[in-house]
Amino acid sequence: MENEAFASFLFFGTLLVLKMYAVAVITGQVRLRKKAFANPEDALRHGGLQYHREDPDVERCLRAHRNDLENIPPFLFLGAAYSFLGPDPSVARLHFLAFFLGRLAHTVAYLLRLRAPLRSVAYVAAQAPCLSMALQILLAEFRRAL
28 MENEAFASFL
38 FFGTLLVLKM
48 YAVAVITGQV
58 RLRKKAFANP
68 EDALRHGGLQ
78 YHREDPDVER
88 CLRAHRNDLE
98 NIPPFLFLGA
108 AYSFLGPDPS
118 VARLHFLAFF
128 LGRLAHTVAY
138 LLRLRAPLRS
148 VAYVAAQAPC
158 LSMALQILLA
168 EFRRAL
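Per the numbering used here, the very first residue in the sequence shown carries number 28; after that it's consecutive.
Treat the hints with care, since some could be wrong.
The following label-pair restraints were derived from C-beta to C-beta distances [what the hints assert, rightly or not]:
no.: 1; residue 1: E168; residue 2: R90; range: 32 to 42 Å
no.: 2; residue 1: N30; residue 2: G74; range: 46 to 56 Å
no.: 3; residue 1: L139; residue 2: A167; range: 38 to 48 Å
no.: 4; residue 1: L112; residue 2: R80; range: 47 to 57 Å
no.: 5; residue 1: F169; residue 2: T41; range: 25 to 35 Å
no.: 6; residue 1: E68; residue 2: R170; range: 50 to 60 Å
no.: 7; residue 1: L162; residue 2: R90; range: 24 to 34 Å
Derived from the structure by calculation, the hints contain no laboratory data. Source: prediction; values computed, not measured. Using N, Cα and C, we set each Cβ at its ideal position, and we do this for glycine too.
Sequences are here, hints too, so could you generate the full structure?
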């Protein structure tokens with residue numbers, strides 16, 4: 028691929044999607060281990076309606092997954108758009124790597140209940156490259172319009 032920035036974006040975007048799948052699998056495993064099923068038919072299959080219930084550990088997994096769903100799609104848009112601005116490939120790779128590592132750290136901190144403010148720091152670390160890319164996209168369009 029000639030666009031090195033876009034190739035890096037595809038690599039890190041794919042890793043992020045795989046990370047989201049991993050959190051979904053972890054959620055399912057926690058449901059099975061804790062016998063806490065969201066649907067009555069699943070509870071019946073695994074022992075009875077008493078297992079149609081919520082569990083704090085399952086809810087934690089779901090919140091981590093929901094947080095990914097709120098943050099990764101905007102990155103996918105911004106990263107793709109930014110890649111086509113012709114950024115320096117090394118700088119682009121740093122943006123994508125920083126976001127990926129921030130999201131990975133956020134998930135680990137969430138699922139393992141690591142002490143505050145680790146999760147918040149990871150969140151901000153992942154948002155910084157998104158803000159940078161968004162500003163560069165807007166600046167490029169502003170310059171083009173002049």
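A quick look at each hint next to the structure:
With their beta carbons about 35 Å apart, E168 and R90 fall inside the hinted range of 32 to 42 Å. In this structure the hint that N30 and G74 lie 46 to 56 Å apart at CB holds, the actual value being about 53 Å. Checked against the hint of 38 to 48 Å, the C-beta distance between L139 and A167 comes to roughly 39 Å, which is consistent with it. A hinted range of 47 to 57 Å for the beta carbons of L112 and R80 is consistent with their spacing of about 49 Å.
Taken as a hint, the range 25 to 35 Å holds for the pair F169 and T41, whose Cβ atoms sit roughly 31 Å apart. Our hint of 50 to 60 Å for E68 and R170 holds, since their Cβ atoms are close to 57 Å apart. Between L162 and R90, the C-beta spacing of about 29 Å keeps the proposed range 24 to 34 Å intact.
Violated hints: none; the structure is consistent with every hint.
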